[in-house]
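From first to last, the protein sequence lines stand for chains E and H.
Per this note's numbering, residue 9 is the first one in the first sequence, and the count goes up by one each step.
Per this note's numbering, residue 9 is the first one in the second sequence, and the count goes up by one each step.
Across the chosen pairs, the derived CB separations fall in these ranges:
#1 E:341 to H:269: 37 to 45 Å
#2 H:362 to E:315: 51 to 59 Å
#3 H:351 to E:246: 26 to 34 Å
#4 H:334 to E:269: 30 to 38 Å
#5 H:322 to E:363: 39 to 47 Å
#6 E:327 to H:336: 27 to 35 Å
#7 E:269 to H:168: 54 to 62 Å
#8 E:354 to H:334: 50 to 58 Å
#9 H:37 to E:165: 29 to 37 Å
Hints were generated in silico from the structure; no laboratory data involved.
On a predicted model such as this, the values are computed, not experimentally measured, just so you know.
Ideal placement from N, C-alpha and C gives every residue a C-beta, glycine not left out.
There are 2 protein chains.
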Amino acid sequence: MTSTIRINRERLWRTLMELKEIGGYDDEATGLRGVRRLALTDADAEARRRCVQWMTEAGLDVRVDRIGNVYATRPGRDRTLPCVLMGSHIDTVATGGAFDGTLGVLGGIEVMRTLNDAGVETLRDVEVGFFTEEEGVRFGIDMLGSAVTAGRIPLDQAHKLTDADGKTVEEELLRIGFDGDAHERRPIPYAYIECHIEQGPLLADAGVDVGIVEGVQSISWQRLIVAGEAAHAGTTPIESRHDAGLVAAAVVVELRRMCDSGEFGRLRATVGTFDIGAGQTNVIPHRATITVDLRNPDDKLMTAAEQHLADYVEALAQAHGVTTTWERMAKTAVVPFDAAIQDVLAATADDLGLPYVRAMSGAGHDAQEIAAICPTAMVFVAGEHGGISHTPREYSNPDACGNGTDVLANAVLRLAQQP
Amino acid sequence: MTSTIRINRERLWRTLMELKEIGGYDDEATGLRGVRRLALTDADAEARRRCVQWMTEAGLDVRVDRIGNVYATRPGRDRTLPCVLMGSHIDTVATGGAFDGTLGVLGGIEVMRTLNDAGVETLRDVEVGFFTEEEGVRFGIDMLGSAVTAGRIPLDQAHKLTDADGKTVEEELLRIGFDGDAHERRPIPYAYIECHIEQGPLLADAGVDVGIVEGVQSISWQRLIVAGEAAHAGTTPIESRHDAGLVAAAVVVELRRMCDSGEFGRLRATVGTFDIGAGQTNVIPHRATITVDLRNPDDKLMTAAEQHLADYVEALAQAHGVTTTWERMAKTAVVPFDAAIQDVLAATADDLGLPYVRAMSGAGHDAQEIAAICPTAMVFVAGEHGGISHTPREYSNPDACGNGTDVLANAVLRLAQQP
Numbered sequence: 009m010t011s012t013i014r015i016n017r018e019r020l021w022r023t024l025m026e027l028k029e030i031g032g033y034d035d036e037a038t039g040l041r042g043v044r045r046l047a048l049t050d051a052d053a054e055a056r057r058r059c060v061q062w063m064t065e066a067g068l069d070v071r072v073d074r075i076g077n078v079y080a081t082r083p084g085r086d087r088t089l090p091c092v093l094m095g096s097h098i099d100t101v102a103t104g105g106a107f108d109g110t111l112g113v114l115g116g117i118e119v120m121r122t123l124n125d126a127g128v129e130t131l132r133d134v135e136v137g138f139f140t141e142e143e144g145v146r147f148g149i150d151m152l153g154s155a156v157t158a159g160r161i162p163l164d165q166a167h168k169l170t171d172a173d174g175k176t177v178e179e180e181l182l183r184i185g186f187d188g189d190a191h192e193r194r195p196i197p198y199a200y201i202e203c204h205i206e207q208g209p210l211l212a213d214a215g216v217d218v219g220i221v222e223g224v225q226s227i228s229w230q231r232l233i234v235a236g237e238a239a240h241a242g243t244t245p246i247e248s249r250h251d252a253g254l255v256a257a258a259v260v261v262e263l264r265r266m267c268d269s270g271e272f273g274r275l276r277a278t279v280g281t282f283d284i285g286a287g288q289t290n291v292i293p294h295r296a297t298i299t300v301d302l303r304n305p306d307d308k309l310m311t312a313a314e315q316h317l318a319d320y321v322e323a324l325a326q327a328h329g330v331t332t333t334w335e336r337m338a339k340t341a342v343v344p345f346d347a348a349i350q351d352v353l354a355a356t357a358d359d360l361g362l363p364y365v366r367a368m369s370g371a372g373h374d375a376q377e378i379a380a381i382c383p384t385a386m387v388f389v390a391g392e393h394g395g396i397s398h399t400p401r402e403y404s405n406p407d408a409c410g411n412g413t414d415v416l417a418n419a420v421l422r423l424a425q426q427p
Numbered sequence: 009m010t011s012t013i014r015i016n017r018e019r020l021w022r023t024l025m026e027l028k029e030i031g032g033y034d035d036e037a038t039g040l041r042g043v044r045r046l047a048l049t050d051a052d053a054e055a056r057r058r059c060v061q062w063m064t065e066a067g068l069d070v071r072v073d074r075i076g077n078v079y080a081t082r083p084g085r086d087r088t089l090p091c092v093l094m095g096s097h098i099d100t101v102a103t104g105g106a107f108d109g110t111l112g113v114l115g116g117i118e119v120m121r122t123l124n125d126a127g128v129e130t131l132r133d134v135e136v137g138f139f140t141e142e143e144g145v146r147f148g149i150d151m152l153g154s155a156v157t158a159g160r161i162p163l164d165q166a167h168k169l170t171d172a173d174g175k176t177v178e179e180e181l182l183r184i185g186f187d188g189d190a191h192e193r194r195p196i197p198y199a200y201i202e203c204h205i206e207q208g209p210l211l212a213d214a215g216v217d218v219g220i221v222e223g224v225q226s227i228s229w230q231r232l233i234v235a236g237e238a239a240h241a242g243t244t245p246i247e248s249r250h251d252a253g254l255v256a257a258a259v260v261v262e263l264r265r266m267c268d269s270g271e272f273g274r275l276r277a278t279v280g281t282f283d284i285g286a287g288q289t290n291v292i293p294h295r296a297t298i299t300v301d302l303r304n305p306d307d308k309l310m311t312a313a314e315q316h317l318a319d320y321v322e323a324l325a326q327a328h329g330v331t332t333t334w335e336r337m338a339k340t341a342v343v344p345f346d347a348a349i350q351d352v353l354a355a356t357a358d359d360l361g362l363p364y365v366r367a368m369s370g371a372g373h374d375a376q377e378i379a380a381i382c383p384t385a386m387v388f389v390a391g392e393h394g395g396i397s398h399t400p401r402e403y404s405n406p407d408a409c410g411n412g413t414d415v416l417a418n419a420v421l422r423l424a425q426q427p
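Required output: the full structure, derived from the provided sequences and hints.
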């Protein structure tokens with residue numbers, strides 16, 4: 009058994025709790041303290057500055073690229089070798105918690121501190137970074153920063169994206185001072201490992217703190233716009249209505265039926281937004297817009313689900329005399345992670361005496377973008393309350409966070425010593 | 009067959025088109041000329057003065073009561089007998105047309121002119137009037153003037169109502185000079201007949217210009233608030249979700265099923281507002297609020313529909329582990345119109361050789377308030393474009409307006425000669 013290092017759990021936890029207060033708010037629905045730190049807002053900017061400060065205090069060289077991704081380097085003996093990269097994101101959804109994304113970033117910084125404390129010298133550079141707008145909540149495309157880095161989305165296209173107020177990514181990067189000059193297509197790493205909370209119940213159900221992620225399931229985001237006709241609620245007969253709101257509602261209900269049917273495997277469907285504009289109680293809605301979020305660990309079954317949905321909507325539109333328009337927001341195929349990196353993670357967990365399970369990720373992660381340019385894998389950390397996230401109830405206890413970060417630290421150390 | 013009179017269609021149309029320009033505006037959405045004449049505004053005041061001028065020119069005695077309702081009298085032989093009253097309203101919604109309400113008022117004035125031209129002397133007084141704030145758009149209570157006249161709403165309560173700027177009905181009546189001294193609880197009429205556009209497609213579909221209204225259906229407005237739990241769209245298993253948006257959508261779909269089933273008679277259900285707040289594509293909605301507008305020509309079936317809906321929502325809430333709250337916004341029972349007056353209208357239409365259909369009113373009208381104090385009925389006039397109203401597209405052609413007003417004129421004449 010090779011010698012292992014251990015991170016400082018109290019220090020990691022203090023850092024997590026400190027960053028939690030940046031963008032912190034009192035959540036009415038849960039009565040808990042939540043985090044609202046949407047990408048490139050003032051709160052995000054303050055959190056970015058705090059992370060950069062911690063990186064600098066750890067003696068790391070910090071650089072910012074043209075999409076606002078931040079990287080910090082701990083030099084190795086041979087600077088010519090590709091680095092080992094750790095990272096995740098620090099932006100949150102509007103009703104977020106303290107662990108989603110931030111654990112992988114603050115955990116990575118803690119790994120650097122631990123390497124410093126142990127006086128460990130690595131062969132390869134080790135880097136920790138965070139990517140811009142992973143959640144996709146503000147500018148509509150998730151994993152934005154890592155997608156630009158991987159070359160899936162051109163920089164100028166990303167810069168032109170606008171939020172609900174029409175502000176562009178480029179303007180906001182400039183405004184908060186994170187419009188860096190490093191090239192977004194960064195030097196190819198030797199390996200990328202992202203530590204992230206599971207956001208699901210599998211680990212807790214299996215009674216383990218740690219998961220080794222085999223890949224990310226397919227994700228499909230579409231917007232459906234239904235155009236009907238406004239009319240008087242009291243005088244318009246049911247059969248002569250063109251109710252855009254009703255058609256949108258029927259789609260929401262059908263999506264749940266599709267999930268329950270088992271017809272499409274482990275399909276998960278969510279309608280997170282439902283907008284009929286400035287509606288009036290006594291006027292039939294003439295327009296409705298919903299977003300449809302589909303997830304599936306099987307590409308073929310995902311395609312089948314999208315096709316069924318399209319056919320269902322078309323038939324529904326004809327039946328109700330409304331017109332429907334689909335807009336593709338995002339689509340990612342199943343992304344399998346690198347087997348060799350998974351084996352390193354497994355061996356590391358064994359060395360640490362930590363039981364683990366292997367699992368597919370239900371959520372999208374920056375790792376699925378970076379996997380396109382270098383060997384990639386992820387470490388999952390168990391969450392409580394069924395692993396609920398995107399809510400202030402999101403919680404992973406200090407031991408789980410510590411164990412996951414220990415796996416990250418030792419796996420990174422192994423890889424960083426490989427010639 | 010008794011002798012019939014015919015109104016002057018060109019004169020009626022000229023009057024309609026002239027009043028249309030008072031409060032006229034260019035509507036962006038439709039590119040048409042619309043009418044914005046909210047109650048007790050300067051535009052309403054000018055329209056009121058124009059109507060009073062036309063009444064005076066027709067030799068009528070004009071009086072204004074303490075809620076701003078205006079009445080004009082053509083004396084009969086026996087002043088001691090209760091009068092026959094015609095009327096409606098001249099206020100409009102913010103995006104109104106030229107016919108809603110005004111047809112019944114200007115048609116009534118045209119009937120007076122026609123009686124003058126024909127030198128007809130009636131046994132009873134004949135009156136034409138218009139009521140304050142029928143639309144309820146500015147001060148929040150529709151049929152306000154007629155409701156005060158019928159005694160449903162006390163005068164001082166009506167006077168204290170405020171608009172969005174905090175201006176009271178009493179102040180505005182004073183400001184525009186329509187704070188009359190006639191008592192709002194007016195002498196009980198022998199009969200009241202209101203001529204109004206249908207605001208629906210039934211007459212046009214039946215190929216007739218005229219409808220005889222059997223009553224106003226029951227109206228129920230409720231707000232439903234669903235509280236679930238926010239969670240991650242990709243990682244939260246379907247069976248452990250508490251999706252507030254899905255529950256609200258299922259209610260919308262069930263309401264349509266209820267209408268289609270026939271189980272609740274001629275139920276009409278509309279969800280005009282559907283709000284899940286600042287939703288996010290990848291977050292399960294934790295809250296949803298919808299309004300439910302129910303209409304039914306049968307009170308018992310309306311009660312059954314409300315009960316079924318309440319039970320359905322309760323079961324749904326248990327199945328999805330969400331909590332639901334109902335708020336009552338409004339509820340009015342069915343108002344049946346007087347059978348004898350309906351028969352007079354039918355006989356009149358037959359004499360004139362005008363085909364007609366009988367129908368319930370889906371919308372609220374001053375007639376449903378006046379029905380509480382005297383025998384009441386309504387004449388409907390067909391509208392084009394499916395009878396659409398509350399938009400500049402609202403249009404009833406000169407023949408339809410003329411035929412409806414001919415029925416009004418001759419029915420009033422018959423009633424005014426009854427001892």
